[in-house]
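Work out the full structure: start from the sequences and follow the hints.
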Amino acid sequence: MKNIFNDKKLIDFWLIVQNDQNKLAEKALRHLIPFCTTYRCEQAFSTYCYMKHKYRNRLNIDADLRVIISSMQPDLDEIMNRTERINLSHKV
Numbered sequence: 052m053k054n055i056f057n058d059k060k061l062i063d064f065w066l067i068v069q070n071d072q073n074k075l076a077e078k079a080l081r082h083l084i085p086f087c088t089t090y091r092c093e094q095a096f097s098t099y100c101y102m103k104h105k106y107r108n109r110l111n112i113d114a115d116l117r118v119i120i121s122s123m124q125p126d127l128d129e130i131m132n133r134t135e136r137i138n139l140s141h142k143v
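As numbered in my numbering, residues 52 to 143 make up the sequence shown, in order.
Don't read these hints as lab results, they were simulated from the structure.
Across the chosen pairs, the derived CB separations fall in these ranges:
| # | residue 1 | residue 2 | range |
| --- | --- | --- | --- |
| 1 | 81 | 104 | 26 to 32 Å |
| 2 | 101 | 74 | 30 to 36 Å |
| 3 | 67 | 125 | 26 to 32 Å |
| 4 | 117 | 75 | 16 to 22 Å |
| 5 | 57 | 101 | 38 to 44 Å |
| 6 | 122 | 61 | 19 to 25 Å |
| 7 | 96 | 53 | 34 to 40 Å |
| 8 | 75 | 122 | 16 to 22 Å |
| 9 | 57 | 104 | 40 to 46 Å |
| 10 | 125 | 90 | 20 to 26 Å |
| 11 | 71 | 133 | 27 to 33 Å |
| 12 | 104 | 59 | 38 to 44 Å |
| 13 | 102 | 72 | 34 to 40 Å |
Every residue gets a Cβ at the ideal spot worked out from N, C-alpha and C, and that includes glycine.
Written out as structure tokens, the structure is:
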């Protein structure tokens with residue numbers, strides 16, 4: 052597997068080992084192939100232009116753009132369970 056990793060491009064490596072490491076490869080490919088169709092690419096470009104115009108080039112929007120165009124839905128229950136609960140009650 053190490054030889055395959057060294058000899059191939061990263062995306063090709065995950066496509067090859069997908070049968071052996073299905074879940075891990077699926078997660079890796081989701082991050083490596085965000086624009087798998089022309090529609091998604093055009094959607095991303097339109098969103099990018101809108102955000103750059105709206106904020107007048109003051110912000111680095113790469114992370115925001117990835118979240119906006121992603122079709123993945125967050126598991127809010129899992130996220131909330133991982134974070135610490137903040138106690139908002141105040142004793143006077």
